[in-house]
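S.K.: Respectively, the protein sequence lines represent chains A and B.
Oh and the first sequence: position 307 is 306 in numbering that gives the first Met the number 0, straight run, nothing missing.
Oh and the second sequence: position 123 is 122 in numbering that gives the first Met the number 0, straight run, nothing missing.
Here are a few chain B residues that face chain A, going by a calculated C-beta distance under 10 Å:
1. Q133
2. P172
3. T178
For the record, the hints were derived by calculation from the structure and aren't laboratory data.
Quick caveat, the model's predicted, so the values are computed rather than measured.
Yeah, the Cβ is synthetic: ideal placement off N, Cα and C, and Gly gets one too.
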Amino acid sequence: MNNIFVYCEIDGIDVSEVSFELLSKGRQLADTLGCELEAVVAGSGIKDYVERQILPFGVDVLHVFDAECLAPYTTLPHAEVLINLFRQEKPQVCLMGATVMGRDLGPRVSSALKSGLTADCTALEIGPHDDRKSGRHYENLLYQIRPAFGGNIIATIVNPDNRPQMATVRPGVMRKAEGDMSREDAKVVYHDVAEYVSPEACVVKVLKREVKKNGNNLGGAQVIVAGGFGVGSKENFEMLHTLAEMLHGEVGASRAAVDAGFCEHDRQIGQTGVTVHPKVYIACGISGQIQHIAGMQDSSIIISVNTDEEAPINAIADYVITGSVEDVLPKMMAALK
Amino acid sequence: MKIIVLAKQVPDTRNVGKDAMTEEGTINRSALSAVFNPDDMNALEQALRIKDANPDTEVSVLTMGPPRAEEIVREGMFRGADKGWLLTDRLFAGADTLATSYALATAIKKLGVPDIIIGGRQAIDGDTAQVGPQVAEKLSLPQVTYAEDVKVNGDVLTITRHIDTGVEVVEVPMPCVVTVTGSAPACRPRNARRTMAEKHCEVMQLSVNDIDGDEQQCGLSGSPTKVKAIQNIVFQAKEVKRLSADEEDIKSLITELQEKKII
Chain A
0 MNNIFVYCEI
10 DGIDVSEVSF
20 ELLSKGRQLA
30 DTLGCELEAV
40 VAGSGIKDYV
50 ERQILPFGVD
60 VLHVFDAECL
70 APYTTLPHAE
80 VLINLFRQEK
90 PQVCLMGATV
100 MGRDLGPRVS
110 SALKSGLTAD
120 CTALEIGPHD
130 DRKSGRHYEN
140 LLYQIRPAFG
150 GNIIATIVNP
160 DNRPQMATVR
170 PGVMRKAEGD
180 MSREDAKVVY
190 HDVAEYVSPE
200 ACVVKVLKRE
210 VKKNGNNLGG
220 AQVIVAGGFG
230 VGSKENFEML
240 HTLAEMLHGE
250 VGASRAAVDA
260 GFCEHDRQIG
270 QTGVTVHPKV
280 YIACGISGQI
290 QHIAGMQDSS
300 IIISVNTDEE
310 APINAIADYV
320 ITGSVEDVLP
330 KMMAALK
Chain B
0 MKIIVLAKQV
10 PDTRNVGKDA
20 MTEEGTINRS
30 ALSAVFNPDD
40 MNALEQALRI
50 KDANPDTEVS
60 VLTMGPPRAE
70 EIVREGMFRG
80 ADKGWLLTDR
90 LFAGADTLAT
100 SYALATAIKK
110 LGVPDIIIGG
120 RQAIDGDTAQ
130 VGPQVAEKLS
140 LPQVTYAEDV
150 KVNGDVLTIT
160 RHIDTGVEVV
170 EVPMPCVVTV
180 TGSAPACRPR
190 NARRTMAEKH
200 CEVMQLSVND
210 IDGDEQQCGL
220 SGSPTKVKAI
230 QNIVFQAKEV
240 KRLSADEEDI
250 KSLITELQEK
260 KII
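Next up, chain A with everything else stripped away, as it sits in the complex (with noise of 0.2 Å):
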C-alpha cells in the first residue's frame, strides 16, 4: 500500500530505457519516502525475461502480467491491468514514459481512477504544500515540475487529494543507475490476467506494424549540430549535416525548426522531444526556449551561433559566436579540415 509504482514499458521482451530511467528515479523518492519500489510489467511471453532485466533496479516488488492479449501494445487491456491493481495497492505515485505508449496510456487510466497527471515532466522531487483556498498542509507531495505555456514558465504542479499521484516523464530526462541494487527481499508476483482484463478490452486489432529502430543516436551522441528558426531553411540544414559527419556527430533541432519543416521530427531536442547529454552542443540560429532548454542544458559545452547577441541560450552558452549560420558554418568546415 502507499508505494510507488513504475509501469515498464516493454518492446518485445526486452525492456525499454526510459522505464529504466523511471526505475532508478524511483527508487531515490521510494528512499525519501521511506517507501517500497514496486514495478510493473505486461506482455506476452515476458516471463522469465523481463525480472532480470527490471530486479536490478532496486524494485521491491515486481508485478507481471503474462498473456496473448497483452502484446502487441493496445490501450484497453494494458489500462485494465494498472486500473485494477491500483485498485487494490493505492499507490502514491505512479510514473510512466511520455512515449507513445505512456501517453495513450496514462490519460486513460489517471481518468478511471480520477487521479491527476502531470505529462512530460522533467524534474520530480519530494516536499510539502500548503493549500492556500482550503488552508490544509500536506506533507511529502510529489511536485511534478515542467516548462508549461509553450516552456514560457516553469510550473510545479501537486496533486494534494487524489491517489496515485501520476506523472510520465520524457525518455532520457532522467538519469538510469548504475550496478546491481537487487534488493534480497525482492518479491515476483504472477498475476492471473483474466481477474485484470475482461475480453471485451481486446476490440482493437493490430493489423500491421512497421518499425524501424530508432534511425539516429541522438541520445547517445557526444557531438550534436542543432538548427532552429534561424538556420533559414531546409538546404541550409544540410551545412548542419555536413558538420555533424565531420564531427562525428548528429543533427537536432528545435521545435520551431520541426515545425517549419527545416528538419524530420525526430531529430527534435527538448521538452516534447529528445532530451541529450553530449560532451559538445553546437547551437547554430536556436534562440533557446525553456522548452529547447530544457532537453539539452546538460550538455558539457555550449556553443551558440547567432545573429542575435541577446538571444536567450547565449546565458548558458560557453562561447557565442555572433554571425549568421550561412556565415559562421563553412568557416568552421574550413578550419576543420
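Knowing the structure of chain A, use the given hints to seat chain B on it.
M.R.: The following block gives chain B in isolation, referenced to the frame of chain A:
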C-alpha cells in the same frame, strides 16, 4: 453517420507577455491572441474527408472555453462542419485535463454519442495529449491515438498511427475516440460560399446546467492537479567567451577544442 470534432481555442504560445498568468497560476486568456489549435485542424480535416466519402455524414464541432471561443466553432463551419456547440460557463473555468474531459464527455452524452469522436492529439498550450483518452474512458469507448489517416470500413475504422519510429495500422469498432497528430494532412482552407453563409450564424451555447453536469467535477473544483508554483525562467549566467564571425576567431575556437581533445 455522425462525427463530433473536439477542438480548442488556444493562446498563441509563441507570443506570451508578462500578464499571461493570473495570481492563482492559471492562464489569463484575455491577455493573449487566440488561435485554432493546430492538431485539431488536422482532426477536422480527417472528419471532412470521411464526409467527402460518405455525404450523409454530419460533422459537428464541440469546444469548451470563454464566449469568444465560439470563433472556433464558426471557423470549423467555414471549412465544412455542419454545426457546433460551445461549452461555456464560469463553472468550467480553471479546469485541468480531467475536469475538461468530464465536461466534454458529459456534453457528448447529453447530445448523443456519435459514431466517431475525433480531436487533435494535443494542444499547444499544455502539450499534454490527455483529453482525448480521458474522454474515451469517461464514455467507455475504445481509443486510438496518434492517428494520421482514418478510413471507414463498414462498422469499423481502419487507422494508420504515427508511432515513434514507424507506423501501425489498427482496426477499431465504432463508436470510438480518435486523436490525430500534426503530421496528418493539413486542413482545407475556408470555403468562400460557406463563409459568407455562416458568417453570422448562431453558435449554440451550453452551460453546466444544460448538460446536467455535476458542478463539483467541473472547472477548478473538479481538477485534482493544482499549480503550486510558477517560475519565470532565469538562466544561470555562465562565463561566456564571445567571438566574432571572423575566420581567425573561429579557427582559434576549433583549435582550442581540438587541443583539449573535446572534438
